[in-house]
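Number of protein chains: 2
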Amino acid sequence: MHIISPYLLFIGDATDQLSIKMAQGAADWRPNLCVGEFSVDGCTVTTGIKKMSIEEASKQGAKSFVLGFANSGGILEKRWLPYILSAMDHGMDIVSGLHEKLTDFPELIAKAQETQQQLLDIRHPKAEFKTGTGIKRTGKRLLTVGTDCSVGKMYTSLSLEKSMKRMNFNVDFRATGQCGILIAGQGVAIDCVISDFLSGATESLSPNNSPQHWDIIEGQGSLSHSAFAGVSLGLLHGSQPDALVICHDLNRSHMRGLPHSQFPSIEATMALNLQAAKLTNPHVKIVGITVNTSSVSIDEGRKICDELSNKFSLPCVDPLRDGTDSIAKALI
Amino acid sequence: MHIISPYLLFIGDATDQLSIKMAQGAADWRPNLCVGEFSVDGCTVTTGIKKMSIEEASKQGAKSFVLGFANSGGILEKRWLPYILSAMDHGMDIVSGLHEKLTDFPELIAKAQETQQQLLDIRHPKAEFKTGTGIKRTGKRLLTVGTDCSVGKMYTSLSLEKSMKRMNFNVDFRATGQCGILIAGQGVAIDCVISDFLSGATESLSPNNSPQHWDIIEGQGSLSHSAFAGVSLGLLHGSQPDALVICHDLNRSHMRGLPHSQFPSIEATMALNLQAAKLTNPHVKIVGITVNTSSVSIDEGRKICDELSNKFSLPCVDPLRDGTDSIAKALI
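Going down the list, the protein sequences come from chains P and U. If you're matching positions, the first sequence starts at 2 in the numbering used here and goes up one per residue. If you're matching positions, the second sequence starts at 2 in the numbering used here and goes up one per residue.
Take these hints with a grain of salt, some might be off.
[Claimed, not checked] Using 30 Å as the maximum straight-line C-alpha spacing, the simulated DSS-like pairs for lysine-lysine come out as follows:
hint, chain 1, residue 1, chain 2, residue 2
1, U, 166, U, 51
2, U, 102, P, 127
3, P, 102, U, 102
4, P, 286, P, 304
5, P, 279, U, 312
6, U, 166, P, 79
7, U, 330, P, 279
Read the hints as simulated data drawn from the structure, not as lab findings.
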């Protein structure tokens, strides 16, 4: 799965900022990969980058037309097909993170053959993975893990990559979800992999590297989330992390989507992840904590982070408000 | 996935008893579902049941032609197609646990349409699963878990079902692997499910039931196996077991397929499984231990089981040598 840049971000007629999270991620983290944003009548939101037609984007060199919106059910609505066909006629590959496949539409298959453009269904990995070996790989790896789903693991990973690049680390972000894959231009949507190959696919995501190189691997789910803990564990074992960063969101009373569930403490999350990670890397260490403190004031958020930092003797930050330099420094 | 009995077990020209494990499982555990065994020139092994041609099996009422052999790579060799086509002409569905799909062969698709027979690729679940909810279900559940892969979890599960039926328990075996699915006539090959749906697929496997009903769920992998622990954890969380049976094989020095790995103790396996299982069932208990003692004498095996039984104050048996009545009794 290799996405060719630059991208034209298609956000359709979206009216909900959350529904264009995928386009927003690319615009925020890789503005240099995005030539522009394309929307149609009725759209009331924007990623903030330049509006542009398919024709104009093509002239500016756009190579991929990205379906940058989501909808419930992950359906690819028929009304978007004319735009997709036009983008292919203008020399662009098509990138989709929807559940419904581009390759399920015969007219798209035919156009792809005619134009020799690719149809990239990010949520449907095509690679033939192997089962995990557990064999130690060279280079260093950091994995973000969480008390829950959607607590800022991707954001923390990308922020760490940015901090570490500024400090001249040799570092790569390794994407495991569709939004991350668009940002990185490659990766594996790990929860879309056949279970048997969970660890093996993760191993292939961060192969042997030079001894001082860091892979920052985007975590998924949580060991305490009863629907997705299997994914989190396969990802943890396959990553063989040297370093873990614990990600947390203040604003939770139960696991995402499971109103009857209990929420784990940060201590319990640390213990559970360390214990499991030691199976493939006995030297694993927790190197920092990130907290989404957006539900409280900046001062209150800072106080909470300071308390956690003192309690665990680890750097603790809100990655959006504070950045992650303090955690990156701890890796030196 | 529902397999219609009775079966004709096709073992091709197998010369290795281990390669016909799938046919053997059905012949051993469900002889009443099997009308006979069909093999071709060169075959030197047998499941022990009556040899029979496709024509004869059809006359005896066979409804499914089972590819009961395995090969490295899970390839469906072209030379078997004539037999498969003939079986469909004789009114049988085709059942395959091979990696390569029956439905990848246009001639089989065409014949299936012509004859209205089913092509059942057990390793490729077609059901649309949901993600797990973790919501408590009615009825009771027992899951077999192991120190490693292939330590007797399916055998233990089936033996327990047999013991419990004799004791008039209301009980069902729930299959999670291809061999088990053939034996049960239904189930989900859990390691072939997309990771996102691991727990959800497991939840659907043992739905709500009457309060005294037991589901005996076939375990997979091991929480200590770095390639498959994710599968084991998803299965554990989705099963919500009330009872766990720990399965072990004396003859191991490292995890199956991972020569560099450490082997966990029975104590560690108990602790790890109890801890993880409590996320979806805080009342889970370990109710017994089974050990494959085939590598030592009967007396020595008995002694080892007695020592483990005393050490953990739990029934401990070799399920093949001793049966599992003592564990079933502990469930009353």
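Each hint tested on the structure:
Between the alpha carbons of residue 166 of chain U and residue 51 of chain U the distance comes to roughly 27 Å, so the proposed pair stays at or under 30 Å and holds. Pair hint residue 102 of chain U plus residue 127 of chain P holds up; C-alpha atoms about 16 Å apart against a cutoff of 30 Å. Straight-line distance between C-alpha atoms of residue 102 of chain P and residue 102 of chain U comes to about 21 Å, which keeps the hinted pair within the 30 Å bound. Between residue 286 of chain P and residue 304 of chain P the CA atoms are separated by roughly 25 Å; this keeps the pair inside 30 Å, and the hint holds.
Taking the CA atoms of residue 279 of chain P and residue 312 of chain U, the gap is near 27 Å; set against the 30 Å cutoff, the hint holds. A hinted pair counts as satisfied when its Cα atoms are at most 30 Å apart, and residue 166 of chain U with residue 79 of chain P does not qualify at roughly 54 Å. Of the supplied pair hints, the one linking residue 330 of chain U and residue 279 of chain P is violated, its CA atoms being roughly 38 Å apart against a limit of 30 Å.
Against the hints set out earlier in the document, violations occur for numbers 6 and 7.
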